[in-house]
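Engineer: Model the full assembly from the supplied sequences, consistent with the hints where possible.
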Amino acid sequence: MTSAIAVSGLVKAYGPVRALDGLDLTVDAGEVHGFLGPNGAGKSTTIRILLGLIRATSGSAGLLGGDPWADAVELHRRLAYVPGDVELWPNLTGGEAIDVLGRLRGGLNDKRRNELIERFELDPKKKARTYSKGNRQKVALVAALSADVELLILDEPTSGLDPLMEAVFQQVVAEAKAAGRTILLSSHILAQVETLADRITIIRDGKVVESGTLAQMRHLTRTTVVAETASTVTGLDQLPGIHDPKVAGGRVRFGVDAEHLGAAIRHLTTFGIDSLVSHPPTLEELMLRHYAHKEAA
Amino acid sequence: MTTTVSPARSRTGSKPAGSHLTGTGAMVRLALRRDRVKLTLWLVAITALVPRFYYAAVTAVVPTPEALAEASQMIRVSFMRVLGGPLFGDVTTRSYFLAAYWVEFLLAAAIMNIMLVTRHTRAEEQTGRAELVRAAVVGRHAQLTAALIAALIGNAALAVLTTAATISIGFPFGSALLFGASLAAVGLVFAGVAAVTAQVTEHPRGANGLAGIVLVTVWLLRGAGAMQGQEGGPLFWLSPIGWSQQTRVLAGERWWPLGLSALVAALLVAGAYSLVSRRDLGASLVAPRPGRASAPSWLRSPFTLALRLQQGAIAGWGAAFVAIGFILGAMTGGMEQTNLPIFAADADFGRAWLSLMVFTGSLYTGAFAVLSVIRLRAEEVRGRIAPVLAGPTGRPTWYWSSLLVTALAVVVLPVVYGAALGIGAAVSTGDLGLAGEVVRASLIRAPEVLVLLAVPAALLGLAPRAMNAAWAVLVYSGFIQILGPYMKLPDWLVNTSVLSHLPWHPMGAFAPVATVVLLAIAAVLTILGLYGLRRRDLASG
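In order, the protein sequences belong to chains A and B. For the record, in the first sequence the residue sitting at position 292 is 291 according to numbering that gives the first Met the number 0, with numbers rising by one throughout. For the record, in the second sequence the residue sitting at position 245 is 244 according to numbering that gives the first Met the number 0, with numbers rising by one throughout.
Rather than coming from a laboratory, the hints here were simulated on the basis of the structure. Some clues are possibly wrong.
[Said to hold, decoys possible] Heads up, simulated SDA-like pairs for lysine to any residue below, C-alpha to C-alpha not over 20 Å straight-line:
#1 A:Lys132 - B:Leu151
#2 A:Lys110 - B:Ser293
#3 A:Lys124 - B:Glu130
#4 A:Lys124 - B:Leu151
#5 A:Lys132 - A:Glu155
#6 A:Lys124 - B:Arg299
#7 A:Lys206 - A:Arg288
#8 A:Lys132 - B:Glu130
#9 A:Lys124 - A:Pro89
#10 A:Lys125 - A:Glu155
#11 A:Lys125 - B:Ala66
#12 A:Lys125 - B:Pro289
#13 B:Lys37 - B:Glu201
#14 B:Lys487 - B:Leu501
#15 A:Lys132 - B:Ala292
#16 A:Lys110 - B:Ile323
#17 A:Lys124 - B:Glu201
#18 B:Lys487 - B:Ala66
#19 A:Lys110 - B:Pro295
#20 A:Lys110 - B:Ser296
Structural biologist: Next up, the structure:
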């Protein structure tokens with residue numbers, strides 16, 4: 000598989016501040032890649048470098064096999080971008096803005112444009128200055144998604160959309176993926192990333208803290224187990240990989256590292272299991288763990 | 000949505016009226032804090048113009064008693080009273096100063112107030128900041144009240160400062176105070192006008208524009224009134240600008256006309272409160288119309304996009320040029336009968352006047368060019384070019400397309416202005432040949448405006464944070480060129496002005512070398528701008 004985006008050791012310094020500090024990011028062709036991190040982690044900076052809007056201080060960034068700074072114009076024919084904070088020309092209508100952005104790329108698929116306007120329930124006749132944030136985002140989404148491109152770069156594309164529109168967005172992205180497009184999706188809506196992303200990269204302070212499939216990430220973290228047993232559980236703390244065991248009468252709750260789950264469950268069965276719930280960490284739990292580090296540090 | 004009809008009225012019965020004003024004090028402090036630089040600059044600029052213009056009146060335009068008599072004679076000619084005058088009482092340097100420049104001060108005070116009030120009312124609503132504020136413990140009327148109190152403070156400061164400035168040029172205390180009060184009075188009227196227009200349109204630009212139309216209207220009424228009589232006819236008394244002037248500073252002074260201003264200001268403010276009580280936050284009396292669902296087929300390239308984004312501004316400037324050009328042109332006939340030292344280099348006073356007006360046109364067009372290019376930086380900072388440059392439009396294409404639109408306007412606008420000026424001149428003198436001559440003279444000056452365009456273009460690439468320095472170049476060039484000859488500046492200093500290289504006399508004289516050099520400078524500056532733009536990071540949205 001070839002890489003649509005290949006970034007390694009990327010640094011962007013603003014004076015003494017390092018917005019990016021040796022970031023690595025690989026997005027394979029045809030995948031939806033979730034790009035996560037707290038505010039100020041460097042997600043938008045990375046995307047702006049990939050779009051050739053700003054230049055990296057050091058490190059390398061490859062985009063669709065080219066150099067995002069030097070080959071910007073050629074590469075941009077093959078991608079579409081939705082910013083998190085969409086600003087439109089206040090005296091153009093939404094429909095005009097969609098057409099302008101599409102035509103500047105060399106034309107858009109009119110049928111798809113109209114279908115998307117319908118699905119996103121956008122009124123294209125309103126001047127952009129009267130649009131809410133969500134509606135401005137719909138304009139940018141319609142313009143980007145009705146283009147025939149290989150790569151979609153979406154920077155928090157749905158932060159202003161309601162849950163119904165969020166669902167429409169997820170469908171449309173799934174369709175884009177089915178059509179073979181590559182999607183870099185930066186988002187704070189974890190359920191969205193959990194549903195859509197094949198792989199995920201979590202960054203903090205301009206560096207990658209974790210990258211891989213959700214399954215891989217879960218594998219590296221502990222599972223929560225809650226059980227009711229016939230007799231009181233004992234000896235849990237002697238087992239390896241058990242965290243924060245809490246035993247109260249017939250109820251027990253603990254965290255366990257993935258590789259020790261089997262042993263832990265076998266241990267429980269000796270006390271007679273009445274009920275057992277075990278769930279892998281949600282993406283939210285994974286994220287909170289990474290975000291929380293910040294305060295500890 | 001049943002609460003939207005008249006929420007204020009339904010509640011005034013059960014709540015003390017004062018609760019609508021909760022938080023006003025904090026809002027006033029916020030307004031003054033936000034405006035500490037802007038308002039100070041306005042006040043200092045207007046105040047500094049008092050000695051500045053006075054100096055010009057004394058030393059430049061009317062250096063001798065004979066020149067003073069002659070200049071006063073000119074101001075008394077009916078068509079000149081449209082712009083200046085009336086000249087009340089005896090002719091002295093100070094009364095000449097008032098006759099020549101008072102109107103400008105009154106206009107400046109009005110504009111300061113319009114922008115101040117709009118900034119703290121409609122602009123706050125449109126950006127959504129008002130929502131944030133009103134969600135706090137802040138009454139329904141607090142923001143409007145705070146804006147008006149800020150305007151009141153600004154006008155009081157303006158009165159004090161201009162009083163001091165006029166004392167410094169030898170006005171007696173009472174006269175100086177009346178002059179200061181005359182500015183504050185017009186200021187308050189237009190604070191009231193802006194308070195009303197802020198309720199009418201949804202956007203600050205519309206509110207400012209509407210108030211601007213009111214200002215132009217009362218200015219025209221004053222001008223028409225001035226034509227009616229030496230000291231202003233009945234129409235003069237329909238204009239707040241006229242009321243301020245009818246205080247007759249230095250010649251039979253009277254305060255009562257300012258009472259009219261105060262009354263009108265109070266009525267306007269009352270009107271604004273009644274409107275603000277009747278509408279929802281963010282709503283306007285004039286609803287925006289729906290536009291096109293898709294872009295017209297010609298709108299498909301960076302160039303046509305730039306054209307579309309600027310078409311409103313270009314049309315607006317063009318309309319203003321037609322009106323101003325025609326009025327100034329129509330004065331040519333009268334000008335032929337006067338004799339002013341500033342025209343000494345040319346025996347044909349009509350043509351000398353037109354030549355001066357053509358130069359003024361260059362200055363205005365230069366202002367358009369600077370605004371138009373500075374707008375590109377706003378496009379960048381607001382994040383509106385990111386989606387364009389994220390498509391297959393390179394920076395050079397975007398840059399050249401945008402500048403080309405400005406450059407075309409910079410050539411077309413002088414033609415429009417020249418045609419209006421020339422037609423006005425032809426009508427007033429009966430010399431139909433003037434029209435073509437003025438258009439040609441106007442077009443010949445385009446290269447210097449292209450340099451004024453290229454300065455902000457270079458800054459856009461090389462020093463985008465210093466874009467506003469382009470204004471300094473424009474003001475400096477105009478200042479040196481207009482006052483240089485009177486101030487006996489050395490040639491090398493005069494030559495540093497962008498506007499000093501194309502000859503004025505005779506009108507329409509063509510200077511091939513200067514033209515080529517100016518065009519070359521413009522080309523080099525724009526290429527430098529692109530060089531910088533291709534190298535630097537774009538500001539984030």
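Engineer: Could you run down the list of hints and mark each one as holding or not?
Structural biologist: Hints, one by one, checked against the model:
no.	hint	in the structure
1	A:Lys132 - B:Leu151	violated, 36 Å
2	A:Lys110 - B:Ser293	holds, 13 Å
3	A:Lys124 - B:Glu130	violated, 25 Å
4	A:Lys124 - B:Leu151	violated, 41 Å
5	A:Lys132 - A:Glu155	holds, 12 Å
6	A:Lys124 - B:Arg299	holds, 18 Å
7	A:Lys206 - A:Arg288	holds, 16 Å
8	A:Lys132 - B:Glu130	holds, 15 Å
9	A:Lys124 - A:Pro89	holds, 13 Å
10	A:Lys125 - A:Glu155	violated, 24 Å
11	A:Lys125 - B:Ala66	violated, 60 Å
12	A:Lys125 - B:Pro289	holds, 5 Å
13	B:Lys37 - B:Glu201	violated, 24 Å
14	B:Lys487 - B:Leu501	holds, 19 Å
15	A:Lys132 - B:Ala292	holds, 19 Å
16	A:Lys110 - B:Ile323	violated, 49 Å
17	A:Lys124 - B:Glu201	holds, 17 Å
18	B:Lys487 - B:Ala66	holds, 18 Å
19	A:Lys110 - B:Pro295	holds, 17 Å
20	A:Lys110 - B:Ser296	holds, 16 Å
When each numbered hint is compared with the structure, violations occur for hints 1, 3, 4, 10, 11, 13 and 16.
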